[in-house]
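Chains as they are written, first to last, in this note's numbering: chain S, 26 to 488; chain C, 26 to 488.
These aren't lab readings, by the way, just hints derived from the structure by calculation.
Since the model is a prediction, treat every value here as computed from it, not as a measurement.
Taking lysine to aspartate or glutamate pairs in the DMTMM-like style, the calculated list, with each CA pair at most 20 Å apart, reads:
| id | chain 1 | residue 1 | chain 2 | residue 2 |
| --- | --- | --- | --- | --- |
| 1 | C | Lys180 | S | Glu110 |
| 2 | C | Lys119 | S | Glu182 |
| 3 | C | Lys180 | S | Glu125 |
| 4 | C | Lys119 | C | Asp335 |
Residues from chain C that face chain S, not an exhaustive set, calculated with beta carbons under 10 Å:
| id | residue |
| --- | --- |
| 5 | Pro87 |
| 6 | Pro93 |
| 7 | Leu98 |
| 8 | Glu105 |
| 9 | Val106 |
| 10 | Leu163 |
| 11 | Leu170 |
| 12 | Leu175 |
| 13 | Glu177 |
| 14 | Gly430 |
| 15 | Arg453 |
So the derived list for chain S, only partly shown, Cβ under 8 Å to chain C, looks like this:
| id | residue |
| --- | --- |
| 16 | Pro87 |
| 17 | Gly88 |
| 18 | Glu105 |
Glycine included, C-beta positions come from ideal geometry on N, C-alpha and C.
There are 2 protein chains.
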Amino acid sequence: MTSQPGSDRPRPRVVIVGAGFAGLTAARRIARLPVQVTVLDRRNHHIFQPLLYQVATAGLSPGEIAAPIRSILSSHSNVEVLLDEVIDFNLEQKQVITREQIFEYDFLVIASGATHAYFGHDEWEPLAPGLKTIEDALEIRRRVLLAFELAERRKEEQSATNSTTDNNDDGASASPLQFVVIGGGPTGVELAGTLAEIARHALNGEFRNIDPRRSRILLIEGGPRILPAYSDELSRKAEQQLRHLGVEVRTSQMVTGVEPGAVWMGNQRISASVTLWAAGVAASPLGRKLGVAVDRAGRVLVRPDLSIPDYKDVFVIGDLAALHDENGKLLPGVAPVAIQQGDWVAKAIARDLEHQPRRDFHYFDKGSLATIGRAAAVAQIGKFELSGYFAWLAWLFIHILFLIGFRNRLLVMIQWAWSYLTYERGARLITGSDELPGWTETSLQPRKGDDAEPPISSGRRSA
Amino acid sequence: MTSQPGSDRPRPRVVIVGAGFAGLTAARRIARLPVQVTVLDRRNHHIFQPLLYQVATAGLSPGEIAAPIRSILSSHSNVEVLLDEVIDFNLEQKQVITREQIFEYDFLVIASGATHAYFGHDEWEPLAPGLKTIEDALEIRRRVLLAFELAERRKEEQSATNSTTDNNDDGASASPLQFVVIGGGPTGVELAGTLAEIARHALNGEFRNIDPRRSRILLIEGGPRILPAYSDELSRKAEQQLRHLGVEVRTSQMVTGVEPGAVWMGNQRISASVTLWAAGVAASPLGRKLGVAVDRAGRVLVRPDLSIPDYKDVFVIGDLAALHDENGKLLPGVAPVAIQQGDWVAKAIARDLEHQPRRDFHYFDKGSLATIGRAAAVAQIGKFELSGYFAWLAWLFIHILFLIGFRNRLLVMIQWAWSYLTYERGARLITGSDELPGWTETSLQPRKGDDAEPPISSGRRSA
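Take these sequences, add in the hints, and give me the full structure.
Structure below.
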């Protein structure tokens with residue numbers, strides 16, 4: 026029922042599933058066309074993903090990097106936003122099926138993104154949380170901060186029960202805290218670098234029984250080098266900067282087991298106060314509901330115009346889409362690709378409404394930036410490479426610039442300037458667990474109600 | 026084992042339980058004495074309680090009104106902070122018993138505060154959350170924001186299933202959202218006033234199917250007037266200001282039942298999309314572990330020097346203490362009382378160390394301030410009374426001044442200025458529930474895992 030602009034027939038209805046970078050960009054652009062737009066998301070807020078690691082590491086508050094979707098889109102009177110979960114599609118009938126109702130569409134844009142992948146070991150998830158949502162970030166924050174609190178208290182108990190031990194042995198008798206980050210992509214690198222900063226600087230002088238600076242931070246990467254999407258040279262520089270910050274980097278090491286308090290690599294057991302997962306993503310399960318081909322990660326193999334085979338009116342964009350560039354290289358799951366695809370879909374729909382032929386999507390790569398930690402980053406802009414302080418400044422500038430909302434930009438800049446000067450981290454709150462007290466070592470593991478079964482039930486589990 | 030300053034005997038050990046206003050003030054002051062201080066709290070953070078309602082109503086983020094206790098106290102090298110829960114005392118042996126260990130003390134300061142009281146109806150708690158912790162505030166925020174989202178979606182379903190109904194009836198067919206706040210003290214007044222501001226202004230123009238301005242906000246008070254601690258005149262003015270903001274105030278009404286979706290007052294049933302509890306507090310259960318007399322609310326009847334009968338070295342301060350002033354009036358459970366008592370305990374211990382006789386505590390009442398909402402407040406300073414805009418400015422100034430940390434003061438001021446000018450609320454995130462989708466009306470009720478039994482099991486339950 027694609028109608029002519031200006032006619033009194035109902036406007037074409039566009040349904041957009043998901044309001045990440047891809048879906049939100051699509052919504053804003055499509056809203057300019059003579060259509061009715063419905064945005065469906067299971068969260069009420071859009072997250073500025075590139076800064077989510079700062080929430081996990083207590084540098085920022087959730088409200089500073091997230092904004093209500095309906096607030097971002099409120100100026101578009103032809104856009105409605107509904108909090109709902111899509112569970113299936115009926116492409117023949119042009120219907121989107123949510124838990125509560127059915128939506129009819131003329132055009133469908135699916136941008137439901139990706140989630141963590143544990144390579145067939147879903148039982149590792151509660152033991153090694155990943156970083157995708159605000160809740161994930163707060164759970165990581167809780168575990169990291171709690172690990173220090175627990176160590177401080179355990180040391181106090183030791184000195185109380187064993188009064189012959191000199192209390193000034195600086196924690197030599199207890200094993201220091203050990204944080205293990207699995208996965209050497211951008212998220213793993215950010216997390217490891219920032220954890221090092223917390224342990225070396227932010228907590229300095231605040232504990233009486235432990236020395237946070239003695240904590241070890243390990244970054245484990247299965248491949249031969251970290252940040253594999255960057256050049257060899259930048260990879261090497263990133264590793265140098267990480268080591269300088271105090272992170273131990275181990276490449277070509279495959280994690281074969283995760284259990285409470287430890288990570289296994291083959292026969293080697295590494296004790297881990299906290300384990301974080303940044304090793305892989307899988308596409309949203311909605312991709313498999315479309316009945317078209319998907320790749321191993323569940324990404325939908327889209328046509329060059331981002332629609333799916335046999336259904337010209339259904340687009341898949343962002344992390345859920347698998348598209349290869351002219352050189353046969355898969356486009357990466359990064360914000361610029363998602364934003365350009367969201368933008369492109371609006372153009373495709375506009376051309377359809379004007380009965381013009383569609384064009385193919387081409388990604389324009391403006392460059393890549395990855396932050397590592399305090400004043401450390403790498404940047405690749407075409408042939409041009411940059412690392413260290415100036416790459417970090419570029420990263421900071423671009424990310425604050427793209428953050429949604431003027432107020433948020435100002436607040437985040439103040440936070441950043443403050444913690445750069447003082448090393449303080451402003452959001453060091455342990456929240457989320459109603460029953461903090463009485464926790465023992467296992468409270469760094471799954472929370473009450475989670476499935477707490479250890480993944481490896483052999484006798485080699487620790488304490 | 027009270028030792029002489031300067032001797033090589035171990036310093037007297039002071040254990041402080043709880044780091045609210047009373048405990049934190051005590052810790053800071055006592056740290057100046059030649060003693061060793063241990064602060065025990067079940068949370069890692071101190072909360073600036075007067076601004077907690079702003080977190081509940083999406084105006085501020087948790088990190089802006091809370092700070093890690095160990096960070097606040099880090100400059101005092103003779104203070105250690107431990108995250109632990111006190112479960113009992115052995116006053117004869119001078120021991121504090123936590124879940125994990127036993128602490129010996131020479132002086133004990135108990136400042137574990139108060140929690141919500143449901144007047145013997147603890148089953149109402151999951152249905153009508155109160156506001157004491159960060160988690161409480163986020164849960165209230167979740168319920169309030171979710172109520173609007175749910176209404177928007179339900180209206181969409183109605184127009185989809187019943188296409189004969191004109192979609193422009195402006196929600197007349199659906200009952201508007203109704204928020205019920207139980208209790209007309211300062212917290213209830215703040216919550217009701219701010220909810221009205223959200224409904225009337227902050228959400229304006231963001232929904233397509235409902236009109237948030239049509240929401241009703243009811244404030245129910247059992248006594249004859251709201252803010253009973255203030256003069257009749259100020260009570261009346263506060264009520265006027267609330268009505269002006271759009272709140273319906275009902276006094277002399279006792280709530281007799283709370284059930285999912287409704288509140289009962291005798292035979293009268295009021296439907297309630299969200300119910301909030303601000304009607305009463307009970308002292309921390311630790312008060313009853315001391316074996317001394319407590320009042321009906323569980324507050325410890327302390328001696329004029331804030332110690333407890335028979336145990337001169339045990340002090341109870343803040344909301345857990347019941348002390349009457351010269352006129353026989355119970356000191357209110359407010360921050361100034363807690364702070365002055367914390368300060369006073371340090372003086373008492375200092376006098377003990379110097380073998381000077383203790384003096385009695387006297388509260389110096391500098392005045393009271395209660396905020397009502399946007400540019401509305403009441404103030405009572407001795408005989409001097411103030412209400413409206415200038416009272417609100419005074420409230421704002423004093424509260425931002427006393428907020429802990431320069432960075433936080435700056436951030437909160439920016440947030441405030443921004444939302445005053447734009448009516449925006451910066452922290453409108455629905456978080457905490459992993460399974461938002463698929464929720465129905467009951468998801469505004471207790472979360473999964475809570476005890477969801479309705480309090481009234483007769484046939485009069487709705488929906």
